[in-house]
Every structure is written in C-alpha cells, then in structure tokens.
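Chains as they are written, first to last, in the working numbering: chain A, 1 to 351; chain B, 352 to 679.
If you are wondering where the hints come from, they were derived from the structure by calculation, not from laboratory data. Mixed in with the good hints, there may be bad ones.
To be verified - Pulled from the structure, derived: some chain A residues nowhere near chain B, Cβ distances all over 12 Å:
| # | residue |
| --- | --- |
| 1 | Gly-118 |
| 2 | Asn-131 |
| 3 | Ile-138 |
| 4 | Ala-152 |
| 5 | Arg-248 |
| 6 | Arg-264 |
| 7 | Lys-277 |
| 8 | Ser-303 |
| 9 | Ser-334 |
What the hints assert, rightly or not - Computed from the model, here is a short list of chain A residues facing chain B with C-beta under 10 Å:
| # | residue |
| --- | --- |
| 10 | Phe-126 |
| 11 | Gly-137 |
| 12 | Leu-238 |
| 13 | Ala-313 |
Beta carbons are placed, not taken as given, at the ideal position from N, Cα and C, and that holds for glycine.
For reference, the chains in residue letters:
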Amino acid sequence: MSQVIEKKTSKKDSSSEATSSNGVSFSKETYLGWYETMQRIRKFEERALMMYSQNKIRGFLHVYIGQEAIAAALTTAVTSDDPIVTAYRQHGIGICRGLSTAACMAELFGKKTGANKGKGGSMHFFSKEHNYFGGNGIVGAQIPIGTGIAYAEYYRETKNLCVTMFGDGAARQGSLHESFNMAMLWNLPVLYICENNGYAMGTSVQRTSNVVDIHMIGDAYGMKHKAVDGMDVEKTHLAIKEAADHIRDGKGPYFLEIKTYRYRGHSVSDPAKYRTKEELTKYKERDPILILEDKILDAKIASEDELKDIQDAIKTEINEAVKFAEESEYPPASDLYTDNYLQEDYPFIRD
Amino acid sequence: MARELTLRDALNEAMREEMQRDDRVFLMGEEVAEYNGAYKVSRGLLDEFGPKRVVDTPIAELGFAGIGVGAAMNGLRPIIEFMTWNFAVLAFDQIVNNAAKTLSQSAGEFSCPIVFRGPTGSAGQLAQQHSQTFESWMANTPGLKVISIVDPADAKGLLKSAIRDDDPVCMMESEQMYGLKGEVPEGEYLVPIGKAAIRREGSDVTIVSFNKMMEVVKPAAEELAKEGIEAEVIDLRTIRPLDYQTLVNSLKKTNRMVVVDESWPFAGVSSEIAYAMQKYAFDYLDAPITRLNAADTSLPYAPTFVEEYLPNPEKVIRAVKEVMYINA
C-alpha cells in the first residue's frame with residue numbers, strides 16, 4: 001500500500017511559522033502533507049459510499065466529507081504520542097492517525113483483516129500503536145473517557161495531552177459539563193475539540209440551545225476557549241497548536257470549537273432535508289480541499305502536476321484498499337467469543 | 352492466624368494492599384478522600400496515598416465513571432466507588448456501553464481493567480430510590496464480571512482479585528453489612544472470581560443466596576436443623592460468571608433447591624439459576640425449585656412495607672418446607 005508522505009511535520013514547522021510575503025507560513029512538505037491527508041480521507045469515503053450502495057458495506061456509515069481539514073491539521077498540530085478519542089464520524093481521524101486505508105476499508109467490509117478484525121465497523125476503529133482510542137458510538141460518551149485518558153497522562157506525569165473530539169450534538173450532553181468541570185478542577189492535559197458541523201443529526205445548533213457559540217460554554221468552567229474556521233487547514237492547525245501549547249505549558253484544559261460542515265447527511269440513510277441547497281452550495285464553495293488547492297497553486301508552493309501526482313497515488317491506494325477488502329475473508333464465526341474478556345477460560349453460557 | 356474484622360475494614364485492607372502493591376491502582380468517588388468514605392470503607396487511604404490516588408469527585412457519576420474508563424484504557428487500574436449502586440444508574444452508559452464493550456469493539460486493542468464498587472440493596476427505610484439491587488442488571492451484560500458479597504474474609508480476597516483482574520468488575524457490597532464482623536486471615540490471599548462457597552453442608556435441601564440475604568439464610572438453616580432438616584447453604588459470591596457446577600453438585604445430593612435473592616423476581620438471578628438447574632439436573636429434582644425474591648414492587652418507606660417486601664428467615668423456612676412437601 002503506498003503511503004505518499006508518511007512523515008509528521010509538526011516539529012519542523014514550529015520554527016517556521018512566520019508568514020512570508022506571499023502568505024506561505026509552512027513548508028511545502030507540510031502543505032502537501034495536508035493535501036494528501038485530506039485527499040486520502042475524501043477519496044476513501046467517496047469510495048466507501050459507493051461500496052455501501054453496492055451492499056458491500058452495511059450498518060451505519062457516517063462520513064466526514066467536508067470536515068477533512070481538521071484531521072489534516074491534527075497530523076501537524078499535536079504529536080503522535082498524544083492520544084486522540086472521538087465519536088462515530090471517525091474514519092478521517094483513524095486515517096489521519098496512520099491507520100492504513102486498506103485496513104480501514106476491510107473493517108467497513110467486516111473482514112478479519114480490518115483495523116479491528118471486523119468487530120468494530122464504521123464507528124469503531126481503534127489502534128493502540130497509533131494512540132487512537134477510537135470511535136465511540138454513544139453521543140458524548142467519549143468526553144469523560146478522553147478526560148480519563150488525560151487523567152492517566154497527568155498521573156504518569158507525561159508531556160502528552162488527550163485530544164477529545166465531539167460534535168455540536170454532544171456538546172449538549174451532561175457528560176460534557178461533568179467532564180469540563182473535573183478537567184478544570186484537576187488541571188488535566190486535555191484538549192476538547194467540538195467539530196461543529198451545524199447539525200446534530202437533523203437538528204440545527206440553533207434548535208438545540210440558546211448558546212449557539214458553543215465554545216462559550218468554556219466560560220462556565222473558567223476554561224480557555226476559542227472558535228476557528230475549520231474549512232481552512234492553516235487556521236485550524238494554528239488554533240490546535242496554540243491550544244496544545246497552552247495545555248503543555250501546564251495552563252490547563254482548552255476548548256476549541258472548530259466550525260465546519262458536512263456535505264452529506266448524518267448517515268447514509270439521511271437525505272438531509274433539514275437544510276437548503278443554497279446552504280450546501282455555499283459551503284461547497286468553501287471546500288477545505290479547494291481552499292488548500294487554491295493556496296498551493298496561487299502561492300506557487302507546488303505545481304498542478306505535483307497535486308495530480310498525489311491524487312493519482314491516492315486513487316491507486318484506494319483501489320488497492322478496495323481490492324484488499326474484497327479479497328479478504330470474513331472473520332470466523334467462532335471469533336464471536338474472543339475479545340469479550342481477557343480471561344482466556346471465561347465460561348460463556350453456551351446452552 | 353486470623354483476626355476479626357468488619358466488612359468495611361476488610362475491604363479497606365484489600366484496597367490498601369493493592370494500592371501498595373501496584374502504583375497504577377487509584378480510588379475515585381464521592382467522599383472517598385477527605386471524608387474517609389461515606390461508609391468509611393476508604394478510611395486512612397488519603398493519608399497514605401495522597402490526593403492523586405485517592406480522589407474526591409464532585410457529584411457526577413457519569414463523568415467520574417467515564418474518567419475511570421478512560422484511565423483504565425490508558426494503562427491505569429481505577430477503583431470507582433459509587434456511594435450506592437442506586438446512583439450508578441447515572442453511570443450505566445459508561446459501565447454498560449463502554450467498560451463492558453471496550454475490548455470487543457476495539458477487537459482487543461484496548462482493555463478496561465476497572466472496578467466499580469459500592470453498596471447495593473435495601474438498607475432500612477430508605478424508600479424507593481435507595482433500595483434497589485443491581486446484580487441481575489449488570490450480570491446480564493457480557494464483558495462485565497459481577498461480585499456480590501458481605502462475608503468479610505471473602506470480600507477482601509475477592510476485591511483483591513477484582514483489582515488485579517484485567518476485565519471490568521462490578522463489586523456489590525451492603526450498607527447494612529459494613530459493620531458485619533468475621534474472621535479474616537492475616538497476610539496475602541486471594542479468593543477466585545467465579546467460585547461459590549458452601550457455607551453449611553446438608554443433605555436435605557440446597558439454599559442458594561448471596562450478599563446480605565446470606566444473613567437471612569443462615570439463621571433459617573439453623574432453625575430448620577432443629578426440626579431435623581439439614582440444609583446445604585451456598586453463597587454464590589460471584590454472580591457473573593456464575594458457578595453452576597457447585598449448584599448442580601449440591602442439587603444432585605439434596606434434590607431440592609430454594610434460591611433466596613433480594614432482587615426483583617423478573618429475569619433475576621433466581622430465574623437464571625432455576626433455568627440452569629432444570630436444564631442440567633432435571634432428573635435429580637424431587638420438587639420444583641422455589642425462589643424467594645423481593646416483592647415485585649418498588650419499596651416504599653413504612654416498616655410494614657419493608658417487612659412485606661424482603662425475604663426473612665420465616666419466609667425462607669416456609670419456602671424450604673414447600674420444596675420438601677412439608678405442611679407448615
């Protein structure tokens with residue numbers, strides 16, 4: 001499986017963030033790395049939707065299309081030692097952490113070669129190797145879990161922080177408020193990121209609370225907070241980096257609201273009739289991949305041919321991922337009884 | 352050498368020893384630190400281990416249970432104390448949807464070695480919301496293990512096993528029994544999860560129970576002995592996984608069984624046992640298995656209601672005579 005650019009570039013860029021005269025703040029490698037990550041996620045999910053329509057993928061499928069700049073920014077703004085936990089719209093986060101698209105596609109196909117042996121599906125990729133604590137399927141459940149992951153980092157006195165991600169819907173759960181309160185009380189190294197894509201399934205942010213600037217919730221707990229445009233990967237990177245620095249400096253938790261947009265429905269079964277075509281068109285004009293593409297070309301960071309090379313490599317990679325998933329076996333039915341308990345001789349009721 | 356300890360102090364010793372042994376173990380919950388525990392189970396632990404390992408939380412069961420789950424996934428071994436399991440209802444999402452399922456949905460990438468513990472069941476006239484049992488709720492969930500015990504020595508050994516266990520464990524204690532005294536061995540010992548204990552041998556009838564109902568069953572068995580009926584008394588100790596073998600072995604000897612269970616009757620521990628016994632020991636049964644549960648109602652406040660609701664020794668004796676076809 002081809003990985004066009006594997007390197008994390010955060011360290012290199014921290015010293016080169018001064019904007020040059022043409023608005024180029026980062027290295028060419030960084031821009032192309034972001035571009036590649038976003039293309040990988042976009043193409044992976046477009047293909048996954050196609051596979052869903054062919055019944056190769058079943059169950060829930062919540063795609064991230066439109067939100068990819070956030071995943072891309074995470075590859076540069078935090079370190080690979082920082083744990084990340086998120087919700088069920090999570091393909092992009094798993095991929096940005098380094099899970100291969102082949103393993104992810106096989107997981108969606110329910111194959112034993114999948115990232116989680118066909119046991120998790122679309123909502124549940126996990127990888128200890130990549131410090132990816134998964135895709136949680138219960139809205140807001142990962143907020144206290146991420147706080148607890150951070151508690152363990154604090155307990156062991158590491159320099160790591162836990163990136164705890166959730167959507168605008170989860171911001172209305174009690175779990176958020178309980179977690180914010182305790183994280184501040186104990187000064188835990190946790191970065192809360194609300195990916196505000198405007199809709200909790202079919203309910204707009206405006207219909208869920210009078211507090212529509214979600215990051216303002218931080219004020220209730222004395223937590224530092226900010227909002228950023230999540231369609232612009234540079235701004236998103238800088239905002240996450242600033243938040244991470246704040247936390248690593250021991251100044252406590254940080255709440256970043258990243259304003260983004262999902263082009264598709266909540267899941268494949270959602271025709272998204274709760275929003276207008278005009279709204280969707282408006283956001284598509286601000287597509288994070290287009291914005292970055294324009295930036296790269298306008299500022300002559302790379303040529304069209306170089307971008308085309310990345311697109312072609314991704315296309316090949318995704319084709320190979322689908323082939324890998326197609327050709328892999330389903331897990332044996334007997335694996336139903338594995339991974340329920342670590343106790344090897346657990347006496348299941350089998351009558 | 353053994354000394355007499357209360358259940359409260361036996362549990363305290365278990366946590367203290369395990370925290371001394373493994374610095375990944377920490378205790379978190381309401382009033383566990385500066386107040387020394389709502390029921391003084393954690394007395395002295397803050398002084399010995401400090402505020403990072405003995406952590407007072409705000410009243411936020413869902414939040415601190417989830418913090419425990421995250422900490423367990425990330426390499427620690429939390430003990431999460433609920434002031435009572437009645438309040439753990441607020442945290443069921445973290446216990447049932449997360450602790451129990453982390454290993455499966457991550458296909459073994461992440462485990463969740465955590466202990467959720469606290470008292471369960473009625474405890475005097477505490478009325479509807481503070482009088483429930485949760486063994487059958489939690490034991491219904493694959494991924495969890497469930498211990499329910501009041502015997503001080505076994506409670507200590509089981510809690511130590513639970514803390515060392517790599518799977519999530521729910522430990523159910525009893526408010527009214529924290530002062531219960533028993534002989535507790537000195538030094539290091541463990542009691543295995545998943546094994547019942549025969550508390551009294553007998554050949555006429557098997558009485559199965561657990562948690563504080565054991566203290567109802569014991570005097571009933573003594574009364575029955577005066578009438579020449581020798582009951583074999585089994586303390587389940589662990590609810591999930593249930594030790595079916597010990598029950599079958601006893602039933603093969605006595606041919607009659609009464610299950611005394613403070614839970615509500617529907618789909619409870621007693622129904623599970625009755626099902627398993629008819630399945631695996633049908634030919635040995637001389638009478639239908641009878642169960643004695645709490646009433647199929649909420650528990651109101653007045654003493655007359657408590658008396659009517661709960662099993663007691665007289666009701667146990669009546670149930671035994673029923674399975675022995677003796678007219679009371």
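If you test the structure against every hint from before, which numbers come out violated? Violated: hints 1, 2, 3, 4, 12, 13.
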